[in-house]
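Peer 1: Take a look at the letters that make up each chain.
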Amino acid sequence: MDMNLVLNHVDLYYGKEQALTNVSLQLHSPRVYALIGRNGSGKTTLLSLIANYRKHSSGQITLNGEPLFENSRQTRHVQFLFQRNFDEYYESGEELLQTAEELIDTFDIEAARRIASRFGLDLSIPMKKQSTGRRSMFQAVRGLASRAPVTIFDEAYTGMDAPSREIFYEEILKEQENHPRLIIMSTHLISEMEHLFDEVIMLDQGRVLLADDYENVISKGMTITGESSLVEKFTAELHVVKTRQLGGTKSVVIFQQVDQNFLQEAKELGLDVGRVTLQDIFTSMTKGGELHEEQ
Amino acid sequence: MRNNKAVPLIIKEQLKWTLWFLGILYLVRVAAHFINLFFLGAEFNIVLLNFAYEPSKVYMLVIGLVSVYTFLGFCIEHGLTRRHYYQAALLSSAAIALVITAAIAVFNLMDTVIFNTNASVFYLIDTDTLFEVLLPGSAAYFVTVLLYYLLGMFIASGFYRFGWLTGLGFIAAGILFLLIESLIWGTEFVLFDIGVITEGLPVFSAVLATAFLAGVVYTVSAKSLKDTPVKIV
Chain A
1 MDMNLVLNHV
11 DLYYGKEQAL
21 TNVSLQLHSP
31 RVYALIGRNG
41 SGKTTLLSLI
51 ANYRKHSSGQ
61 ITLNGEPLFE
71 NSRQTRHVQF
81 LFQRNFDEYY
91 ESGEELLQTA
101 EELIDTFDIE
111 AARRIASRFG
121 LDLSIPMKKQ
131 STGRRSMFQA
141 VRGLASRAPV
151 TIFDEAYTGM
161 DAPSREIFYE
171 EILKEQENHP
181 RLIIMSTHLI
191 SEMEHLFDEV
201 IMLDQGRVLL
211 ADDYENVISK
221 GMTITGESSL
231 VEKFTAELHV
241 VKTRQLGGTK
251 SVVIFQQVDQ
261 NFLQEAKELG
271 LDVGRVTLQD
281 IFTSMTKGGE
291 LHEEQ
Chain R
1 MRNNKAVPLI
11 IKEQLKWTLW
21 FLGILYLVRV
31 AAHFINLFFL
41 GAEFNIVLLN
51 FAYEPSKVYM
61 LVIGLVSVYT
71 FLGFCIEHGL
81 TRRHYYQAAL
91 LSSAAIALVI
101 TAAIAVFNLM
111 DTVIFNTNAS
121 VFYLIDTDTL
131 FEVLLPGSAA
141 YFVTVLLYYL
151 LGMFIASGFY
161 RFGWLTGLGF
171 IAAGILFLLI
181 ESLIWGTEFV
191 LFDIGVITEG
201 LPVFSAVLAT
211 AFLAGVVYTV
221 SAKSLKDTPV
231 KIV
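Chains as they are written, first to last, in this note's numbering: chain A, 1 to 295; chain R, 1 to 233.
Everything labelled a hint here was simulated from the structure, so no lab data went into it.
Pair by pair, the computed Cβ-Cβ distance ranges are: (1) Ser-219/A with Tyr-69/R: 45 to 51 Å; (2) Phe-212/R with Asn-39/A: 49 to 55 Å; (3) Gly-215/R with Gln-26/A: 42 to 48 Å; (4) Leu-15/R with Glu-101/A: 17 to 23 Å; (5) Asp-259/A with Arg-83/R: 50 to 56 Å; (6) Val-62/R with Glu-70/A: 26 to 32 Å; (7) Tyr-14/A with Leu-179/R: 35 to 41 Å; (8) Leu-208/R with Arg-118/A: 56 to 62 Å; (9) Val-62/R with Met-1/A: 40 to 46 Å; (10) Ile-194/R with Lys-16/A: 40 to 46 Å; (11) Phe-212/R with Gly-65/A: 38 to 44 Å; (12) Tyr-69/R with Glu-101/A: 22 to 28 Å; (13) Lys-12/R with Arg-118/A: 27 to 33 Å.
Each computed DMTMM-like pair below joins lysine to aspartate or glutamate, with the alpha-carbon atoms no more than 20 Å apart: (14) Lys-226/R with Glu-66/A; (15) Lys-12/R with Glu-91/A; (16) Lys-5/R with Glu-102/A; (17) Lys-12/R with Glu-88/A; (18) Lys-16/R with Glu-102/A; (19) Lys-5/R with Glu-95/A; (20) Lys-231/R with Glu-155/A; (21) Lys-231/R with Asp-87/A; (22) Lys-16/R with Glu-88/A; (23) Lys-231/R with Glu-70/A; (24) Lys-55/A with Asp-227/R; (25) Lys-128/A with Glu-13/R; (26) Lys-5/R with Asp-108/A; (27) Lys-5/R with Glu-70/A; (28) Lys-223/R with Glu-70/A; (29) Lys-16/R with Glu-95/A; (30) Lys-16/R with Glu-94/A; (31) Lys-220/A with Asp-204/A; (32) Lys-12/R with Glu-95/A; (33) Lys-57/R with Glu-13/R; (34) Lys-231/R with Glu-17/A; (35) Lys-16/A with Asp-227/R; (36) Lys-231/R with Glu-88/A; (37) Lys-12/R with Glu-101/A; (38) Lys-16/R with Glu-91/A; (39) Lys-12/R with Glu-102/A; (40) Lys-55/A with Glu-66/A.
Even glycine gets a Cβ: it sits at the ideal position worked out from N, Cα and C.
Just chain A, with the same shape it has in the complex (with noise of 0.2 Å):
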């Protein structure tokens, strides 16, 4: 089932604080989409439009052309997964999945205790009982299991140990290839996942920064390195994002479309020019972190 998320000029306030501004995007089947962005940055509160948790101040947001707060014809399409708090549930993980297929359309219960059992996971012992990560890898079986035209995962990791985490990205991949749908992975852990997203979606300060196709923000990030006056001169046009000074050595990373021409004079003149990844650009842009340069 195709899905077409269209949020237009969303801004959320909290009494007199925003939240978000101005946002505008759109969202298709069947794409992973990364949500990243600072703590604090918006990225959950975003969400919780997507999924009908909370109304948004103005603007419109509509999926499949019809607004999707409290419309149930659009709501029962969308699933969200966060990290939830089951310190007050005696049921049992196969007792809420039962319940999950009991309300969700395409929700698949087979699916999700195949998955669950691909993470060592005990569905019989209450959800109360089991650890931080175990419950987290209780919300990604939900999720991947739910077949949800539109399925949210916030932060959905949190606590679980690398080998489930691999399972989860592994298992996130059979599912897209088997039952392509719109994904929306809002995350930290950018590196580890990158080989996961089709589109990215960079939030600051509850505005969109950036919202493009992977491979296009993967090209459009690179580095220059050299002598300095010469990196300057060099990139004064160009949309510079990061600066680093080693001595008389200066590093950039610059954020823009370049052609061949461009990478051939960088090199005729003796600069370095590297490849940087998601997270390079992630923590350039939105200033702080380290730069990881791949040659």
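Position chain R against the provided structure of chain A, taking the given hints into account.
Peer 2: Below, chain R without anything else, positioned relative to chain A:
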């Protein structure tokens, strides 16, 4: 409302709580009999319809309070809407009120057989024949316990939507609704040592007036929850 998948699930969950309540209620009633028999030795004179009435109301108030915090997020989490929740809450409250009414009626008859008590006495109904108590008494039970559930939902919706300060205002409004309920049924209402008691309305009118009051309480609750932000917990 026809395709509201939350209805059977919410009824089922609250039915589990209610079976515990009813079991404990009758256990307390049996225990009260033996305590009285062994320790006091006086003639035991509890009438079940009177004995069960206040606990039933308090129980419904509590599960009404719990309902908002338990089932609203549950509905949103599964791709349903606020409307699904408050429709399901109304239907489930009616179903649970019906179960409690029927169970108390059965307990009442059991009590007559086991403890030889008088089954035809209920202080809301001014009669002393079983047949005359049965239907109006059941209607009174049903509509008042339903009102208490909706009052619980009303207070919780005020806290959930508007926070603690306005929530306190919902408690004040809830107390006002309890006063109106007392005036309708002619029962004693005491707050801060100030008592109010009236003759009350005839049973049929009282049932209708209570149903109307329940409707008002429910409408305000639903309006409060209509666009409420739902907590991500």
